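Okay, so the sequence shown: first residue is 5 according to the working numbering, each after it adds one.
Just so you know, the hints here were simulated from the structure itself, not pulled from any lab data.
There could be a bad hint or two in this list.
[Stated by the list, open to error] Label pairs and their computed distance ranges (CB to CB): (1) L62 with S116: 14 to 20 angstroms; (2) G115 with Q40: 31 to 37 angstroms; (3) T38 with E63: 19 to 25 angstroms.
On a predicted model such as this, the values are computed, not experimentally measured, just so you know.
C-beta atoms are modelled at their ideal positions from N, C-alpha and C, and glycine is treated no differently.
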Amino acid sequence: MTVVGDTRFATGKDGRLTALEVERLFSAMSSLATPQEARSFLLDVCSRREILDLAQRLEVATMLRDGASYLSVSRSTGASSTTVSRVSKCLNGPEGGYRLVLSRLDGPAPGSGPQESRE
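Make the full structure from the sequences, and use the hints.
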């Protein structure tokens, strides 16, 4: 078994995908400097449907962070209740990816209190 970094991406001896390859994908994504570069990369590696699904999940996370109910999120975005629930779990989970991205895109979450200066 190959294990590099996060063991959730380790595979057996079948050779299908290794943690190294997944880490390389993460590095590739973090190397993108502009929205246009991200667009070009995503259009190359994802189907149109996959990109739309990712965009929908980001919108679901935005609405949940802003206090919308599961039902209103599902109705507004067309996301299934399973997707809304999964996004909510991730939004409030330990990884913090949605929180980080939403903070960078939209600023601090509403009601999160005053932010400390980073000077």
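Hint check:
At roughly 19 angstroms, the beta-carbon separation of L62 and S116 lies within the given 14 to 20 angstroms, and the hint holds. A hinted range of 31 to 37 angstroms holds for the C-beta pair G115 and Q40, which are about 34 angstroms apart. For T38 and E63, the hinted distance range of 19 to 25 angstroms is satisfied, since their beta carbons lie about 21 angstroms from each other.
Of the numbered hints stated above, none is contradicted by the structure.
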